[in-house]
Amino acid sequence: MIRVQREDFDVGAEMRSLTAGNTGIGGVASFVGLVRDMTGGEGPSAMTLEHYPGMTEKQLGEVEAEARARWELSAVTIIHRYGRLEPGEQIVLVLTASPHRQAALESCAFLIDWLKTRAPFWKLEETPEGSRWVEARASDDEAAARWDPDPDKIPS
Amino acid sequence: MKLLYFAWLRQKIGAETEQVSLPADVTDVAGLIGWLKGRGDNYAEALKNEKVIKVAVNQAYARPDTPLKDSDEVALFPPVTGG
Numbered sequence: 000m001i002r003v004q005r006e007d008f009d010v011g012a013e014m015r016s017l018t019a020g021n022t023g024i025g026g027v028a029s030f031v032g033l034v035r036d037m038t039g040g041e042g043p044s045a046m047t048l049e050h051y052p053g054m055t056e057k058q059l060g061e062v063e064a065e066a067r068a069r070w071e072l073s074a075v076t077i078i079h080r081y082g083r084l085e086p087g088e089q090i091v092l093v094l095t096a097s098p099h100r101q102a103a104l105e106s107c108a109f110l111i112d113w114l115k116t117r118a119p120f121w122k123l124e125e126t127p128e129g130s131r132w133v134e135a136r137a138s139d140d141e142a143a144a145r146w147d148p149d150p151d152k153i154p155s
Numbered sequence: 000m001k002l003l004y005f006a007w008l009r010q011k012i013g014a015e016t017e018q019v020s021l022p023a024d025v026t027d028v029a030g031l032i033g034w035l036k037g038r039g040d041n042y043a044e045a046l047k048n049e050k051v052i053k054v055a056v057n058q059a060y061a062r063p064d065t066p067l068k069d070s071d072e073v074a075l076f077p078p079v080t081g082g
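First to last, the protein sequences are chains A and B. In this text, residue positions in the first sequence follow numbering that gives the first Met the number 0: the first is 0, and each later residue adds one. In this text, residue positions in the second sequence follow numbering that gives the first Met the number 0: the first is 0, and each later residue adds one.
Read the hints as simulated data drawn from the structure, not as lab findings. All the pointers check out, no bait thrown in.
Only pairs whose alpha carbons sit at most 25 Å apart, straight line, appear in this in silico DSS-like list of lysine-lysine: (1) K57(A) x K68(B); (2) K57(A) x K53(B); (3) K47(B) x K1(B); (4) K1(B) x K11(B); (5) K68(B) x K53(B); (6) K1(B) x K57(A); (7) K1(B) x K50(B); (8) K53(B) x K36(B); (9) K1(B) x K53(B).
Note that this is a predicted model, so its numbers are computed, not measured.
Pulled out of the complex, with its shape left as it was, chain A reads as follows:
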C-alpha cells in the first residue's frame, strides 16, 4: 500500500491495518523518518517537501515491487508526506510484514535506502539565512548501491 499525502500518519494504526486478518505474518519491521532539527534549536528549521505527483507513486510502486521480488513479504506499507513540516514531525513510514524476521528487517532497510535515491521529492529547508534546497548526499547513493545490481539504475 502506497500513499503520498500532506497529512500526518498514525504508526500504530497503520501497523494494525497492515497485519489485520493475516495470521501467517511472523513479524513487522518499521522505519519512521522524522524532520531533524539542523540548527541545534537556533532559529527556524522547518522544511517544505516538493514532489512530482504521478511519478512519485510510480517510483514507490516500482521500489515495492523490487522488494517483493527479493524477499518473501506478506504486506508492505509506504507513506511519504509532502508540504511544510516542522522539526520532530514524521516524514516517511515504511512497514514490511513477513512470515520471517530477516525478510521483514532486510526489506525495510532496502526500501528506505532505495526510495531515498529514486522517489522524486526535494527538501527546501528554512534556515536563519533564508531557504535553501537540501543537496543529495553521496552516502545515500552508497547506501542504495549496497543492495546490489540494478540493471535499470539511472538516478545517480
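For this one, chain A is given, so just place chain B on it according to the hints.
Just chain B now, with coordinates in the frame of chain A:
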C-alpha cells in the same frame, strides 16, 4: 511536448511547466537539454551543470540517449532528497 521543472530548476527557469514543439533535429534527452540551453540565460544558468540534472520521460528515469517524441511528458530536476 510537455516539460516540467522541479525544485531549484523550477526556480531558476521561472516556470513549473510549459508546452514546446521540438525542432526536427532534437530527438533525444541530450539534444533536448542542448536545445533548452539556447532558449535564454535562465535556461543556460539552470542547466549549466548537466551532471546533476536528472531527466524523467513519461515518469521513468531516462538517459542522455533516451529517444523523445512530441507526445512525451519530460521532467527535469536535481537529484532527489526525500525519505
